[in-house]
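Trainee: Sequence:
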Amino acid sequence: MIQPHQRILSILAVSALALGLAACGKKDDQTAGQQLDSAVARTEQAASDAQLRAEEAAKSAGTRIEEGAARMGEAASNAASSALDVAGDATTTAEIKAELVKDSELSALQINVDTQGGTVTLNGTAPSDTAKARAEDIAKAVKGVVAVNNLLTVQPQ
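Residues in the sequence shown are numbered from 112 upward in steps of one, following the numbering used here.
In case anyone wonders, no lab produced these hints; they're calculated from the structure. The model shown is predicted, which means the values in this text are computed figures rather than measured ones. Be aware that one or more of the hints could be misleading.
Stated by the list, open to error - The calculated label-pair distances, taken between Cβ atoms and stated as ranges, are:
{"no.": "1", "residue 1": "Thr230", "residue 2": "Glu178", "range": "29 to 37 Å"}
{"no.": "2", "residue 1": "Glu178", "residue 2": "Gln266", "range": "57 to 65 Å"}
{"no.": "3", "residue 1": "Val265", "residue 2": "Ser188", "range": "39 to 47 Å"}
{"no.": "4", "residue 1": "Glu167", "residue 2": "Thr142", "range": "19 to 27 Å"}
{"no.": "5", "residue 1": "Ala205", "residue 2": "Pro238", "range": "19 to 27 Å"}
{"no.": "6", "residue 1": "Arg175", "residue 2": "Thr236", "range": "53 to 61 Å"}
{"no.": "7", "residue 1": "Gly199", "residue 2": "Ala168", "range": "43 to 51 Å"}
{"no.": "8", "residue 1": "Val257", "residue 2": "Gly184", "range": "39 to 47 Å"}
{"no.": "9", "residue 1": "Ala152", "residue 2": "Ile176", "range": "14 to 22 Å"}
{"no.": "10", "residue 1": "Ala205", "residue 2": "Thr264", "range": "36 to 44 Å"}
{"no.": "11", "residue 1": "Ile176", "residue 2": "Val151", "range": "58 to 66 Å"}
{"no.": "12", "residue 1": "Leu163", "residue 2": "Gln227", "range": "21 to 29 Å"}
{"no.": "13", "residue 1": "Ala143", "residue 2": "Arg175", "range": "42 to 50 Å"}
{"no.": "14", "residue 1": "Ala252", "residue 2": "Arg175", "range": "50 to 58 Å"}
Note that beta-carbon positions come from the ideal geometry of N, C-alpha and C, so glycine has one too.
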C-alpha cells in the first residue's frame with residue numbers, strides 16, 4: 112500500500128514532468144541563451160522606463176513644492192508686513208495721544224485718534240480753531256504720519 116505522502120510526491124513528480132514536456136514541446140526558434148538575453152533586455156528597458164517615470168515624478172513634485180513654498184513665503188511676508196503696519200499704526204496713535212495729553216488746552220479724552228496706513232484721522236471736539244490746528248500739527252509731527260484728516264469740531268468750553 113502506498114503511503115499518503117508518497118502518493119502526493121508521485122503526483123507532484125508527474126505534474127512537474129508534464130509541465131517540463133509541455134515547455135519542451137513549444138516551437139521556439141530562440142536558444143536558451145537568446146531567451147535569457149531577451150528577458151534581460153526587457154527587464155533593463157522596464158527598469159529604464161521606471162527610472163524615467165520616477166525622475167519625471169520627482170521633478171514635478173519638486174516644482175510643486177517650490178511653487179507652494181514660494182506662495183507660503185509670500186503669504187508669510189504679507190502677513191508679517193501687515194502685522195508690522197498694524198503695530199506701526201498703533202504706535203503712531205499712542206504717540207499722538209501722548210502728545211495731546213501734554214497740551215493744556217486740548218483734551219485727549221475728547222479727541223479720537225485713528226491711524227491706518229500712516230493716515231491719521233482726528234475726531235471729536237477742540238475748544239478753538241487754534242487748538243484744532245495745533246492738534247493737527249501735533250499729529251503731523253509724529254514719525255510715520257503721511258496725512259492727517261482733521262475732522263475736529265470747534266466747541267468753546
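Trainee: The structure should be examined with respect to each hint, and the outcome stated for every one.
Mentor: Against the structure, the hints come out as follows:
In this structure, Thr230 and Glu178 meet the distance hint of 29 to 37 Å, their C-beta atoms being roughly 36 Å apart. In this structure, Glu178 and Gln266 meet the distance hint of 57 to 65 Å, their C-beta atoms being roughly 59 Å apart. At roughly 45 Å, the beta carbons of Val265 and Ser188 sit within the given window of 39 to 47 Å. Distance hint check for Glu167 and Thr142: the Cβ-Cβ separation is about 37 Å, which falls outside the suggested range of 19 to 27 Å.
Take Ala205 and Pro238: their Cβ atoms lie about 23 Å apart, and the range 19 to 27 Å holds. Between Arg175 and Thr236, the C-beta spacing of about 59 Å keeps the proposed range 53 to 61 Å intact. Range check, Gly199 to Ala168: about 46 Å between beta-carbon atoms, so the 43 to 51 Å window is met. Checking the proposed 39 to 47 Å range against Val257 and Gly184 shows it is violated: the Cβ atoms sit about 28 Å from each other.
A beta carbon spacing of about 36 Å between Ala152 and Ile176 contradicts the range 14 to 22 Å that was offered as a hint. Range check, Ala205 to Thr264: Cβ separation about 24 Å, and the 36 to 44 Å hint is violated. Taking 58 to 66 Å as the suggested C-beta distance range, the pair Ile176 and Val151 does not conform, at roughly 37 Å. Range check, Leu163 to Gln227: Cβ separation about 56 Å, and the 21 to 29 Å hint is violated.
For the pair Ala143 and Arg175, the beta carbons lie near 48 Å from each other, so the given range of 42 to 50 Å is met. Restraint check, Ala252 to Arg175: a C-beta distance of roughly 51 Å satisfies the suggested window 50 to 58 Å.
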